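K.L.:
Take a look at the letters that make up each chain.
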Amino acid sequence: MMVDAATHAAIGGAWLDAVLAPRSDFGRRAAARERAYVPGEEDLASERARTTVALAAAFDAATLERVREAIRWCPDPTAIAARAAAGDPLADADFFELGRFVDALELVRSQWPLGVPLAPPSALDAVAAALAPGRERRGFYLADRFDAELETVRRLAAERQAVLDSARSAFEASVAAMVGASVRDGEFILMRDGRAASLPPNVRVIREAATYIVCELVYDDRTLAALSARDDAHSNVARVEERARGTLSAAIGVHARAIVAVTERLGECERECARAAFALAWNACVPTYTSGAIGWENASFPPLAEALVQRGRRYAPLSFAWDGVAVLTGPNMGGKTAAMQTAGFIALCAAQGLPVPASSARVPLVARIAWIGADDRDDRAALLSAFGGEVVRVRGLLAGAESTLALVDEFARTTSPSEGRALLVALVQTLAARGMRALVATHFAGIARETKTTHLAIAGLLHALPIGATCDLDAALAALGEAMDYRVVAVGPDDEPHADAIALAELLGLDPSLIAAARAALRRKRSGAPSASNG
Amino acid sequence: MSVAFDLFDCARAAGTRTIAIVGTAKNVGKTVGVRALCESARARGIAYAITSIGRDGETSDALDALPKPQLTLPPGTIVATARDLVPRSPACEILELGERSALGAIAFVRVRATSRFEIGGPPTASGVRRTLEQLARIADGPIFLDGAIDRIAALAGGDDAVIVATGAQSGATIDRVAAVAGDLVRRLSIARDDGSRADAIHIDGALGPERASELIAEHRGARVVVTDPTRVTVRGKLFDQLNERLELRTTAPIRVVACTVSSYGREGALDPRALVRAVARATRLSTFDLFAGLVA
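As you go down the protein sequences, you meet chains A and B in turn.
Residue numbering for the first sequence follows the working numbering, starting at 1 and increasing by one per position.
Residue numbering for the second sequence follows the working numbering, starting at 1 and increasing by one per position.
Worth flagging that the hints you see were computed from the coordinates, not collected in a lab.
A few of these clues could be false.
Computed from the model, here is a short list of chain B residues facing chain A with C-beta under 7 Å [stated by the list, open to error]: (1) E93; (2) I94; (3) L95; (4) A292; (5) A296.
All of these numbers come straight from a predicted model, not from anything done at the bench.
Note that CB positions come from ideal geometry on N, CA and C, so glycine has one too.
Looking at chain A on its own, in the form it has when it is part of the complex:
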């Protein structure tokens, strides 16, 4: 589905992405495999949303969060499995990570709400069983049980190490006694002033300084024989350990595909949990996918609802419906933009097969959602005026033939009212003629009547705003919130839009004399009296 950056930002796409953001590499890979549903895939989208709602209904947010976190910290065995499958002997740290993966998987399986098997249990049980001899404690050790010869060669190596240590210590002690110096790592230092006339055999000078010499031991035959025997024993240990690793790696490699399949399923589980958590948080429902009228009951625009709640203010869910193209009017700050954002957000969720934040919804799958607003100029249009930017976006909107949900926010509000209104009428007529679905917010009067489209309006102020300007913006917004009826209602085509602009300006603290002058000017205009000024 096409959603350009400006639209994505306007309809809460970034918010939704953040809420659903994968936390693990499994989730990221699963997200990369996902795509939006397109027209014709309504059944698939609906099925996906139903799965999510079922998950949300069955489990609480804490459980879903636990599963997400368990998956997040699950080590990724994909590369290890691939190397094992290719026949590479793995390292002990790889076995350790596989062990942690098996543990984490068990945790996810125990928590996974629907009990869906994450993999053929036999495959993972076999991996766990293969690793088991090395996992008697929490980590991993290539234990003797991995190869019949290991215990023997290790014991021999330890014995020979002890013989070497003993021979070396004895030799070093004998030389140290002869020269009167402490030997460290086969070397020692002799001060020239205290030096014996000659060095003992098996000692050679490796460095001379003005006041001392540094000597190195040349080990005797007994010590060298012990060293050679120890090295042979160590080589044997290395050989048998490598054989054990090879055997264990092959046993893991047999199940490599199952391991990779599990990682894919883990990613999907993480995505499902994130979706279900969203559905749970917003009481989301499975939408009815429709090609007819669009509408919803008690729909939310979560980014706004969340922001308002954080500020201690109420959020009013919206219920409205329309068919084809609708014109939306209403007062400033009455929620026209929020209503359109709600429409866009719900369409976006529906396209992802995601339950929508409403108690019920009828929504189409569209190939494109397009937001047209004066503030949505992209970089290329940065040199254009606000109106110019809008025109460029409208041109783009009309260039596509895909099924589209267009959300047009006060198009042409920044140009001359008469020409702007004419352009808007033409745009609405064009959208309707092309069978597009659109919601067009405006302050221009008579657009719905002239274009013969549905007229929706924000109910508006329930009562007069409190008189007396305040400089406290939060208080003003709270007063406005109490006075405003944010419902979207269907009205007659001839109903005039109410902007309530002067009352709002007064509430927001504009100079009282200016407010009085504006009211006088409005009265004169309505009564047909001439203007008081020459302008």
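Given chain A, put chain B in place with the hints provided.
P.N.:
Frame of chain A, contents of chain B only:
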């Protein structure tokens, strides 16, 4: 072994869990000091753990290709090193994986058979601190930290006993070596701020020469508090002036407990007895030449 035991006892007397060794330059016997600690612990039957700041203990130095001693570690030792540096044989027990490093995640391993180790710990100061915390959870006994010249920031915020390693590699004369060691020890040994002066000037970031000069000129006698001693980047006489004219304090002091010296370097050798005495004088700390078996 007696000098090594003396060093071990001196460091343990600080009562800290971690004993860190930092050098005034490369090739000043830092790893020799770590080995002495390891061997002393082993000889006394004390289990220990070990890690490093960055990579060290390799057969030849990664920077200057000089031969460097590896560490031979006995069974039971807990090591935190990059997973690519864990010897493949004899096999170790992998206990945990932690911080990332260029050579793979830091692996916490238990040595099961005597093995030679190249230790490469986390490259960042914060990573080192987290690794030490993880080691403290996993292991019993002392934890040895093989430090790095230019990464003393890793010592900040920890409760470590610090041994300063110096030697002929950090100066051409005994006086110079002693001066460099004294300078580092004084910088690291800034006293703890007791909070008794409400007018203290707190420095959040580094205290470099420019800021130090300004404080000396404009706030003579003031108490200046740095977050930890590693934030002070002032050296030499300017540092001495800072100490003399201001009350320099820190909220997280570092405990320097001893010095070690190595009397020979690439360019020449110094008299070990004179060197050990000079460094002890300059730092006012017990000073050990582990190779020559000297203590001052």
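K.L.:
Look at each hint and say if it fits the structure.
P.N.:
Evaluation of the provided hints:
Evaluation of the E93 (chain B) hint against chain A yields a held restraint, the C-beta minimum of about 4 Å falling below 7 Å. Because the closest C-beta pair between I94 (chain B) and chain A is about 4 Å apart, less than 7 Å, the hint holds. This hint holds: L95 (chain B) has a C-beta 4 Å from the nearest C-beta of chain A, less than the 7 Å allowed. Checking A292 (chain B) against chain A by beta carbon gives a least distance of about 5 Å; that is within 7 Å, so the hint holds.
Evaluation of the A296 (chain B) hint against chain A yields a violated restraint, the C-beta minimum of about 15 Å exceeding 7 Å.
Consistency with the previously given hints fails for number 5 only.
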